[in-house]
Amino acid sequence: MRALKFIAPAVALALACGAAASQAAVPALRLCADPANLPFSSNAAEATQKGMPGMYVEIGQAVAQALGRPMETVWSLSYFGKRNLRATLLAGQCDLAVGLPAVQDFMGPRVIFTRPILNLGYALVVAKDRPASRLDDLKGQRVAVQFGSPPQGLLAARSDITSVTAMDPEEAMRRLSAGEADAAFIWGASASYINHTALQDRFKVIPVDAPQMQFPAAIGFSSKRAALRDEIDALLGALLNFEWDVPKTVRADPSTGLRTGPVEALLAP
Amino acid sequence: MIHRFTHASYPLALALAIGGGLGAAQAQDAKAKDVEAAGWAMYGRGYDNTRFSPLKQITAANIGKLKLAFSFQLGSLRSNESSPIVVGDTMYVSTSWGPKFVYALDARTGATKWTYEPDVPDDTLQYACCDVNNRGVTYADGKIFVGRLDGKLSAVDAATGKELWTTTVVDYKQGSVITSPPLVVRNMVITGFGGGEYGARGSLQAYDINTGKEVWKTWTVPGPGEANNDTWKGDSWQHGGAVPWLIGSYDAKTDTVFWGTSNPGPWNTVVRSTGDGNYGKLTNLYSASTVAFDAATGKIKWHVQATPADAWDYDGVNELVLADLTIAGVKTPVYMKADRNGFFYVVNRETGKIISAEKYVPTTWASKIDVATGKPSEDPDKRPGPNHPAKGVCPNLIGGKNWQPMSFNPQTGLVYIPSNNVCMDWSVSEVNYRKGVFYLGADFPTLPGPGGYMGELLAWDPVAQKKVWGVKSDLPFNGGTLTTAGNLTFWGDLHGVFHAFDAKSGKELWKIPLGSGIGAGPISYSVDGKQYVAVVVGRTASIPAFLGDVGKKMTQATPEGGALFVFSE
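Chains as they are written, first to last, in our numbering: chain A, 1 to 269; chain B, 270 to 838.
Simulated from the structure, these hints should not be mistaken for lab results. Computed from a predicted structure; not experimentally measured. A hint or two may mislead.
[Claimed, not checked] Cβ pair distances, simulated, as ranges:
#1 Arg130/A <-> Gly549/B: 27 to 37 Å
#2 Ala36/A <-> Gly494/B: 32 to 42 Å
#3 Glu432/B <-> Ala87/A: 24 to 34 Å
#4 Gln141/A <-> Gly494/B: 18 to 28 Å
#5 Gly598/B <-> Thr162/A: 49 to 59 Å
#6 Arg202/A <-> Asp440/B: 22 to 32 Å
#7 Arg130/A <-> Asn656/B: 28 to 38 Å
#8 Asp358/B <-> Ala226/A: 54 to 64 Å
#9 Ala157/A <-> Thr523/B: 51 to 61 Å
#10 Glu72/A <-> Thr566/B: 49 to 59 Å
#11 Lys382/B <-> Ala36/A: 34 to 44 Å
#12 Asp648/B <-> Gln212/A: 19 to 29 Å
#13 Ala198/A <-> Asp440/B: 21 to 31 Å
#14 Thr543/B <-> Ala127/A: 30 to 40 Å
We put the CB at the ideal spot given by N, CA and C, even for glycine.
Kindly generate the complete structure, drawing on both the sequences and the hints.
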């Protein structure tokens, strides 16, 4: 496993001392994660070998380490996200899920959250040499959007931009790089990841700051696990005060292959 | 006479199979008629989907003696929606999850003849919008045809259960699954698939029954250069939905296949239309429609769209029940459809002309349907659009009737509809939360409809367009119906209780609790001169998840289940 650098030295020391004695007795912290959702999570052999299982898995590992517990990943596809969470997180198959929308009406009182740890959102993607930086700069142009996404609805409501509909961020980026679209307006983290890993950073990724475009995300739990949530929430405070900067690390270090431009750590405690 | 059964309403192959070896044409006819009356060879019994059995051994006079002949555990829990079929003395019944199993049983005893376990991958639940259901299989030419959750269609030897061929209809990983039995016409097995909300472009596809090779494929969303492509905004036709995922019907006289199509996608109407009720030509054809296809070529003959530029998830998939009704003194070939949008349609099936369309459940989104144009008179307040959430919309997204099949009894002239009385508040937010599309809004709040009940078994006069009798239920999404020449109507509810009623009067004559919610339509058949009634139980699991507190009541009513019950005297 790739060494992560964001655990504060004091915490790491405490872990090192306690770990040998307690490891066997301590139950694993079970993370719910999607096996095919880079840059967030992956169980693909390549990702595992490179020590790059995705940002959510890395966050899970950091939390588990700080708790002094081994981590176990419970993989399940999240094509239908809420249904997947009902069958995993809410059915007690796993203990936590990283990256859930930190709003009370997400799935009602059944799901509880830590404080927000990330901002996630939609972004414009344009060639580096283009001056465009906001939607109004794209008038008269073709913009790739994902089917069923808020950007699709937003573009459909205006007549001065032509939508090019894609089924997923990969297709949108492929059509952009093939010249079938002049720009893309898609999920920022996915755009950055594809841009970096497949397209040699030919494009710039610009977060769109507008209503319904950026979302705070947190770690989510079943409401039956309030004690664990409180424990991890308190720990996040400590990590935030020290070096809780997984997303920043990932973003700043292209060698991880997990650069995620629009992802922002909420560093304030 | 309102409706007459003919050999043409049964698969040709079956008629041929029983013809061999008989001498006089008359004897052949008589024998064929008996065999035809005894069996239940396809989902809706015949090509007309009436679910009317001409058997009349079981009547009001003796139904008190009805008892269990056998039961059979399906070995697969939840959303068991299968109509068994019976050919000769063999019953074929499928289960949920793929299907996980198809069983051939002795229709008298339940003894297993063979079990077919298709090789369905274990990740299909992730891609099935509305659960891992399967509604049954189809028989023709000594073969059983099985539509599968993994987007495949398989043919199995009806005698041995051996798989003969498997073909891929659609990539299930795009959210398209097959949950309904196909329709066999001559040498073709015809199927659609699901996934209207998830970016599919609908099509109906015909395959050769012997090889599985494609015979024709017709898009139910026209592409550029085809008629009605201009009913879609921009490139939205590419992922327009309009998938024919339920059951087809067939009229041999005109060689026409009928199929209902789903809602268009995505839910946000501004992407594919104008975003409000002034949709003009942007009606999104052929979504939320009934489509008539030429059986030989697959070519679309005509369509009737019930809900133009749908904004409520009013799928138009509900089954078309074919009958000849006497309307204003004239025997008229019609199809009947209890549309999800709350209106009951009676349409001339040879011309596509709407004869009548009236509300059969509490309905607020539109006041009436113009029978000349098919256009609904909408209440603008009830159409959700961008920045325009709608409140008090009836029916809700499960519709006045969902997939659970209705039946038509030519002797009473009544249609028996498992109806829902549920309303909703809705905004245009995409509720899905998946890769690249983050969660936006709350679930659509589900509200019980007016009158303090949420479901009703409706006995409906399709000519007068009025209710004759009804049995109310505290829950929606109850089971399909069967009606018989014994003047009986059978119906299972979400409490898992299986009922029999006097078909004319609605008087309850018999009931028995079967332990898990019932969605499937019952069937009736006869072997060795004895009449049986069969029903599959095993309640839904995914649908209640969309329905908030109402959904909780649905799942609390019974445990999940998966069993077949067969009754006789």
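Hint by hint, here is what the structure shows:
no. : hint                              : verdict
1   : Arg130/A <-> Gly549/B: 27 to 37 Å : 36 Å, holds
2   : Ala36/A <-> Gly494/B: 32 to 42 Å  : 37 Å, holds
3   : Glu432/B <-> Ala87/A: 24 to 34 Å  : 30 Å, holds
4   : Gln141/A <-> Gly494/B: 18 to 28 Å : 25 Å, holds
5   : Gly598/B <-> Thr162/A: 49 to 59 Å : 56 Å, holds
6   : Arg202/A <-> Asp440/B: 22 to 32 Å : 30 Å, holds
7   : Arg130/A <-> Asn656/B: 28 to 38 Å : 31 Å, holds
8   : Asp358/B <-> Ala226/A: 54 to 64 Å : 59 Å, holds
9   : Ala157/A <-> Thr523/B: 51 to 61 Å : 43 Å, violated
10  : Glu72/A <-> Thr566/B: 49 to 59 Å  : 56 Å, holds
11  : Lys382/B <-> Ala36/A: 34 to 44 Å  : 41 Å, holds
12  : Asp648/B <-> Gln212/A: 19 to 29 Å : 27 Å, holds
13  : Ala198/A <-> Asp440/B: 21 to 31 Å : 22 Å, holds
14  : Thr543/B <-> Ala127/A: 30 to 40 Å : 33 Å, holds
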